[in-house]
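Based on these hints, arrange chains B, S and D on the given structure of chain A.
Read top to bottom, the protein sequences are chains A, B, S and D.
Residue numbers 58 to 417, in the numbering used here, belong to the letters of the first sequence in order.
Residue numbers 58 to 417, in the numbering used here, belong to the letters of the second sequence in order.
Residue numbers 58 to 417, in the numbering used here, belong to the letters of the third sequence in order.
Residue numbers 58 to 417, in the numbering used here, belong to the letters of the fourth sequence in order.
Because identical chains share one entry, a pair is satisfied inside a single copy or across any pair of copies.
Straight-line alpha carbon distances no greater than 25 Å define the calculated BS3-like cross-link-like pairs of lysine-lysine that follow: (1) 327 to 370; (2) 376 to 327; (3) 98 to 207.
These are calculated hints, taken from the structure and not from any lab test.
Number of protein chains: 4
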Amino acid sequence: MFTLGSSMKMTVFGSSHGEAVGSIIDGFPIGFKIPLDYVQKYMEYRRPGSSILTSQRKEDDEVEIISGLHEGYTDGSPLTLIIRNKNVISSYYSEIRENPRPGHSDYTMFLKYGEFRNYEGGGFLSGRMTAPLVAAGSIAKAYLEGMGIKVKSYMRSIGDVECSRVSGEAYSFETRMPDPECDARARELIMRVMKAGDSIGGRIDTVVENFPGGVGEPFFDSVESSIAHAIFSIPAVKAIEFGDGFRLASMLGSEANDPFDLADGKIVTKTNHNGGILGGITNGMPIRFSIAVKPTPSIHIPQQTVNLSTSEKTTITVKGRHDPCVAIRAVPVVECLTSFVLLDLLIQSGNVNRYARKTR
Amino acid sequence: MFTLGSSMKMTVFGSSHGEAVGSIIDGFPIGFKIPLDYVQKYMEYRRPGSSILTSQRKEDDEVEIISGLHEGYTDGSPLTLIIRNKNVISSYYSEIRENPRPGHSDYTMFLKYGEFRNYEGGGFLSGRMTAPLVAAGSIAKAYLEGMGIKVKSYMRSIGDVECSRVSGEAYSFETRMPDPECDARARELIMRVMKAGDSIGGRIDTVVENFPGGVGEPFFDSVESSIAHAIFSIPAVKAIEFGDGFRLASMLGSEANDPFDLADGKIVTKTNHNGGILGGITNGMPIRFSIAVKPTPSIHIPQQTVNLSTSEKTTITVKGRHDPCVAIRAVPVVECLTSFVLLDLLIQSGNVNRYARKTR
Amino acid sequence: MFTLGSSMKMTVFGSSHGEAVGSIIDGFPIGFKIPLDYVQKYMEYRRPGSSILTSQRKEDDEVEIISGLHEGYTDGSPLTLIIRNKNVISSYYSEIRENPRPGHSDYTMFLKYGEFRNYEGGGFLSGRMTAPLVAAGSIAKAYLEGMGIKVKSYMRSIGDVECSRVSGEAYSFETRMPDPECDARARELIMRVMKAGDSIGGRIDTVVENFPGGVGEPFFDSVESSIAHAIFSIPAVKAIEFGDGFRLASMLGSEANDPFDLADGKIVTKTNHNGGILGGITNGMPIRFSIAVKPTPSIHIPQQTVNLSTSEKTTITVKGRHDPCVAIRAVPVVECLTSFVLLDLLIQSGNVNRYARKTR
Amino acid sequence: MFTLGSSMKMTVFGSSHGEAVGSIIDGFPIGFKIPLDYVQKYMEYRRPGSSILTSQRKEDDEVEIISGLHEGYTDGSPLTLIIRNKNVISSYYSEIRENPRPGHSDYTMFLKYGEFRNYEGGGFLSGRMTAPLVAAGSIAKAYLEGMGIKVKSYMRSIGDVECSRVSGEAYSFETRMPDPECDARARELIMRVMKAGDSIGGRIDTVVENFPGGVGEPFFDSVESSIAHAIFSIPAVKAIEFGDGFRLASMLGSEANDPFDLADGKIVTKTNHNGGILGGITNGMPIRFSIAVKPTPSIHIPQQTVNLSTSEKTTITVKGRHDPCVAIRAVPVVECLTSFVLLDLLIQSGNVNRYARKTR
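Pulled out of the complex, with its shape left as it was, chain A reads as follows (with noise of 0.2 Å):
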């Protein structure tokens, strides 16, 4: 339920307004250096308050492990990783105990909770949890860097802003938008979004260079379904498509299949409308993926909701800090999910075996 993966997994633990959240990564390869600074510039870029674009919660987001590595080192026991909770403030939930806001996970967890919800702030569904998602992804990520692999995400539009450049790094843009025109178009439609107290959607691209292929486990646990699976627990995703997608839909055969030709006598394709993945196990060209974020649905305008003691219709006009645009902060996580997921992968298919570095 709160653990993900297969030959290697991640638990995660905590909740938005609990003393911390966190997770436990079992099965990480042994003998690896984990690479604080890296974890912690992951942290960074997903933290709150780093912009006037992201809510201005303040968060540390210091990453502490109190298990899993001997003499700094990665030893074959269980990584747990502990991000400590600050600047909580429980004071504006009050009200939404009894009246769920629309399109948040207030009323679901009402109907399978009962009394014991955990709803302060979204409780352990809150986008909070992304914070243990990247400290644990993130390691995994610096894992694939040191095999070569580069995954990469990116926003690729916000509301009908679409950014179809890239010309430079994600994180160096405030908006995660890789150009610095498409950045300024869409910093000034958030900014607008903000005045007007609402909130605006998104879109992230993915891709993975340098992945080897002959990885995937037929028959249930194909590269997309493994990715797919990872990604729709991210709070506000909504849609996945790997390659050209729903555009498939409507192509012919003859223009979605990719023709295989030689390229420095190696084997790849004219074109990757498959987006690396053919029968659920990749074929060496780029993985890439593309999801849809949802827009944050706390928003300052007044909407319809129903009381839940009471079963009378009322009105909640959220309040409190909130991100204009979570799709922002939700591009590092992309990219650290998806590296868990894709080391998985390479253990469970043999390209990685765990015990294999017995030496310094």
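Leaving out everything else, chains B, S and D in the frame of chain A:
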């Protein structure tokens, strides 16, 4: 790897040109009388050769249940479903051993399995493997109907023919478009594509009605994660979206949120942009999702490939019987596989106790 | 539930009086040529009717492999093994539907499954279910032999006849006691027990030679946990001990510790009180364990029971064909099931990469 | 690997000389108020230093719960239990890095992890790891008590001192033998062993009363398989038997079968040779099992070992604080871990619905 599910598991086996394909279901609720006619009806919906729009391979697709029943009722032990392969012609496939077909899993299977690759007809990554998915899933679908839950899939678009009306039963139309006028147009398009030796993709919508709220298992086994994981196992599926899906990426929060309302004293939402799922948990509204099926990669048009032995470029023209629009036959697969996932979730969430029924 | 294993999984299906029993293996290393004669030889060791000391039920026990092979080699998809039930006589069992047999699972199955209980011959908890365990396990055993690993089980005691010598092959003796003199004495005891309409228990020892060190997965998947989990699935097994087992409870540390030593430059232990396992991980010495098999509960002596419908005390005398000492037929089951567990552990520990073999 | 359980899972983390040890429970029933005093009482039973018969290492063993509770009740998200390590002295362990201690996991961990071995104090295979087992298990035990189920473990023998009486509470005696006279004799034996710098093994019995019938999951998750799997995770356990265990190997069927009878209109068995389990499923009688704990391998007597760097024979004398009879501290571990397994089985079998409780 070949097993799907949490509280109830399905394992598929067999391959396109082997002796049989089949599936095993472990954890199905006890005391259920399996309606064999119902199962066979769904096998018929998926069966090739039933229309000139589908592959002319002849298959009986009779489902034989060799374990798991006692006096006609499920007995708590695994249900083993076997579908014998008939009318298998391997001679078509001698060429593709060396020359991988673009868009197919030939090359990725070669990377993964080398000389041991089960290559005839795509081996165990063939569309043939959807027969056991339908067999197993249709039993789950029958169980859900006993609870009043309806799972319906139908074709929404083929190529550029889009169908916005639902004016009939999908299975009463050859193209599974639920409207006579759309069906006629789509049929015409497919005939044209067939004549050109080409193929075409399609888009399938699914709606689940009367499904209880509060179902779905945070954090990693959300309804979206569970459905997406299963659906991406269906060969040729490349995209999925829930509710308004990718359109949510360009919507405002004030548009995307579904305000709560009352209907006959029950809490409902006025709109359903979120497809009946919030925070990964059902809210009692219809579950809605849409998927893209790419065009059949097997086409009768010459395509470039690379010979695996000689590493030289060559041309391949796929021969034999193929579906011009494989999405048509995917409709019952999506419907049945979704039913399997939903019953699994109902057991996990405690809505169905598989040992509760003790008397007939 | 009906699945065993971590990196490689076995699912069993069928029941005593159903159409067939069988097993599915998912995750077996690719490129292995299955020696069918070897499998059939082990089926023969387990088969009833082969000696007057075992049940006279006639079974061919021919193993049919309907999936998972390509040109005779394992192809990476599940191996499905089917053994048809023949010579099934259900008339014996009308009485036990109402009157549970002492020592059998009749009553506990009634508690769990109620009217849907598969009761004939013990249903899916019958000794018949050990046939698919042998079928699946013997393939793993053949694989281990290819690595030079030898798994040997034999009878150590039957009733008060104990055998401390190993002077021959277990399977060359009817009682599986590896010594002619012990075998003769045990045979005489069993004949006496048979004449009295009674049954007798036995103890089986297992030794694994040439198994690599460093195998076993802390914390919960130790070698002992993994073997014990599997072995207690064999009907009638009620105890297991590793190395000196229960005797260690009355030993001093100075007696129980196995001092390290050198032999031909390799680290070994002088003694092997710990049965080749320390901290749940193998140390390269022979793995040793011993199990207890209770006497067959089916006896021809009247026993008190309670009628499930009337809730009145009554007497039952079990009729039909039964083993006077079911432990005899358990010997190959233990040997084969242990082999399955050990191969699973070798894959988990990275000693066997299931995708490594790419050419014949 | 570090996770145990099916419907409810426990993951343990940490190591003997790391910062902390702990466990995570995923899937615990919602709405349960955790009795912290009860948990702490069991921690105290296991804690070293509480008697001169146990290791003098000082530990507070205070359990900190950092997630999984909302207003004091379990909220459906993972419970994270942390126990900080204090009084850790690593200097004792410099010698054992090179010279593996006989009977310990030093050498097998070296084989598995090489230079990355977490060796101080046995790392994550230390007896210290039983602290999180008790923490997690005691919560399950408290839950079972709320259902009227009693799980009791006590010492049955230490060396040759056997205790056949139960005349008091195990925890009121230093040796956990539930009788003053046995306790005195066992105490004397241990004092003698301590003086000799040696250690001694012991045998622990467990009885579960008032457990419902019909629980246990065929085929591979029988009650015996589930309990044995868990119990063999406890360091130093080398044997387990259910009911009459090994004695059943020399019994007749007419002796071993438990005839059915009536008591107050309920079906019971006259005897309980099978320990409350038939066909792997409970029958409503007390569950009984017994285990062997080997003597602590750490002794103050010189023993032969082999240096891992030089490959030369040498002698090691283990220094530091150790239990002369580690079985004493294993008693609460067995009791709590068994409780965890039983609650997991109750959820799996549908006797406990983890989402059933919706109001306080």
